[in-house]
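*Asks:* Numbering of the sequence shown is given in my numbering, commencing with residue 1 and proceeding in unit increments.
Keep in mind that the hints were calculated from the coordinates and are not lab data.
Backbone N, C-alpha and C fix where the C-beta goes; we use that ideal spot for every residue, glycine too.
Any given hint could turn out to be false.
Unchecked claim - Quick list of simulated restraints, FRET-style, between CB atoms: (1) Glu52 to Asn20: 18 to 26 angstroms; (2) Leu51 to Arg74: 12 to 20 angstroms; (3) Gln25 to Asn61: 18 to 26 angstroms; (4) Ala41 to Gly21: 16 to 24 angstroms; (5) Val71 to Gly21: 21 to 29 angstroms; (6) Arg60 to Ile36: 16 to 24 angstroms; (7) Lys49 to Gln73: 18 to 26 angstroms; (8) Thr56 to Gly21: 18 to 26 angstroms; (9) Val71 to Gly33: 33 to 41 angstroms; (10) Gly76 to Lys22: 17 to 25 angstroms.
Claimed, not checked - Calculated lysine-lysine pairs in the DSS-like style (CA-CA distance at most 25 angstroms, straight line): (11) Lys27 to Lys70; (12) Lys70 to Lys49; (13) Lys72 to Lys49.
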Amino acid sequence: DFAFSIHEQLGLHAVRARINGKIRQLKARLMDGDQIDVETAESPTVLPKWLEWAVTPRARNSIRRYLRSKVKQRSGKGKSD
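Generate coordinates for the entire structure from the input sequences, incorporating the hints supplied.
*Replies:* The following block contains the structure:
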């Protein structure tokens, strides 16, 4: 949720977080005052299970939108014009 609150692309490319200097999973809960560094990948890393962890509407909507776009891309492959 934190990465998505900064920018949708940061959330989509997030791999893990460094919270107060310690590597944590993206689903780790944050506390006020935590220092966060989001590590990213070149390509989006979104997984369906992220919907189980996401709390904010912004994060959940971004994840859903990305997953829907991937399904549409896959269903369009192999079709000829």
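*Asks:* Determine for every hint whether it applies to the structure shown.
*Replies:* Results of checking the hints against the structure:
Between glutamate 52 and asparagine 20 the beta carbon distance is about 24 angstroms. The supplied range of 18 to 26 angstroms therefore holds. Taking the beta carbon of each, leucine 51 and arginine 74 are about 18 angstroms apart, inside 12 to 20 angstroms as hinted. Against the hinted window of 18 to 26 angstroms, the Cβ-Cβ separation of glutamine 25 and asparagine 61 comes to about 21 angstroms, which satisfies the hint. Between alanine 41 and glycine 21, the C-beta spacing of about 21 angstroms keeps the proposed range 16 to 24 angstroms intact.
Under the hint 21 to 29 angstroms, the C-beta atoms of valine 71 and glycine 21, about 38 angstroms apart, miss the expected range. Taking 16 to 24 angstroms as the suggested C-beta distance range, the pair arginine 60 and isoleucine 36 conforms, at roughly 19 angstroms. For the hinted restraint 18 to 26 angstroms between lysine 49 and glutamine 73, the CB-CB distance of approximately 20 angstroms keeps it satisfied. In this structure, threonine 56 and glycine 21 meet the distance hint of 18 to 26 angstroms, their C-beta atoms being roughly 25 angstroms apart.
The hint said 33 to 41 angstroms for the Cβ distance between valine 71 and glycine 33, and at roughly 39 angstroms that hint holds. For the pair glycine 76 and lysine 22, the beta carbons lie near 42 angstroms from each other, so the given range of 17 to 25 angstroms is not met. With a CA separation close to 22 angstroms, the supplied pair lysine 27 and lysine 70 stays within the 25 angstroms bound. Among the hinted pairs, lysine 70 with lysine 49 is consistent with the structure: their alpha-carbon atoms are about 15 angstroms apart, no more than 25 angstroms.
A C-alpha spacing of about 19 angstroms is found between lysine 72 and lysine 49, which places the hinted pair at or below 25 angstroms, so the restraint holds.
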